[in-house]
Amino acid sequence: MAPNGSGATRGQPVSWRMELRCKRMTTRPGQEPLEVALVRHYDDLLQRLTHRLGCRDLAADALHDTWLRLAERPQCAPIIDARAYVYRMAYNRAVDITRDHRLRRGLEVADESAPWDDIADSSPGPEHLAQVRNELGRVLRAIGRLPRRRQAICLDVWVQDCPRHEVAQRFGVTVGMVFREINAARRDACSLV
275 MAPNGSGATR GQPVSWRMEL RCKRMTTRPG QEPLEVALVR HYDDLLQRLT HRLGCRDLAA
335 DALHDTWLRL AERPQCAPII DARAYVYRMA YNRAVDITRD HRLRRGLEVA DESAPWDDIA
395 DSSPGPEHLA QVRNELGRVL RAIGRLPRRR QAICLDVWVQ DCPRHEVAQR FGVTVGMVFR
455 EINAARRDAC SLV
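So the number in the working numbering is just where the residue sits in the sequence shown, counting from 1, plus 274.
Label-pair ranges, simulated between beta-carbon atoms:
#1 318 / 425: 45 to 51 Å
#2 342 / 398: 36 to 42 Å
#3 436 / 414: 16 to 22 Å
#4 399 / 318: 29 to 35 Å
#5 375 / 318: 23 to 29 Å
#6 331 / 409: 35 to 41 Å
Hints listed in this document are in silico derivations from the structure and should not be mistaken for laboratory results.
Ideal Cβ placement from N, Cα and C applies to all residues, glycine included.
Using the sequences and the hints given, assemble the complete structure.
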């Protein structure tokens with residue numbers, strides 16, 4: 275059975291003996307064989323690789339290929355942090371898969387970051403940035419229309435992140451007055467925006 279429970283691998287079933295061997299292996303405390311680490315931490319490894327690579331299919335393929343490589347290789351001595359080792363193996367395999375895919379398409383890989391050019395960019399686009407700038411401008415104009423003391427108190431609390439008791443001492447008012455000024459500023463700014 276493959277680590278994801280599918281029962282088969284690319285045309286070849288994984289031997290049940292492999293899983294039995296993983297279950298029977300004994301190791302020193304804190305150490306586990308690589309196959310056991312992959313089986314035991316499969317979901318976590320898949321999640322971490324998906325987050326790092328930005329593609330669940332690529333992460334699953336890399337883990338699958340890592341499983342096959344571990345099944346084919348002879349038994350080796352336990353590694354202290356087997357989970358981290360398997361993660362790095364799978365990540366390197368994902369880089370290889372991406373590089374091979376690009377080379378098959380006839381593209382050259384110029385550097386290590388190039389394989390990730392095909393992954394969608396999740397950063398905000400120009401439309402979103404323009405909208406955020408517009409909203410920020412409206413908020414700043416609204417804050418600019420507030421009375422000077424209210425404006426200064428709010429900027430000290432919101433921007434400078436000063437404690438309210440320090441702001442109260444600086445302006446010679448009570449902490450309660452600072453709270454009232456902040457609430458009034460929120461109310462006024464919301465009505466002006």
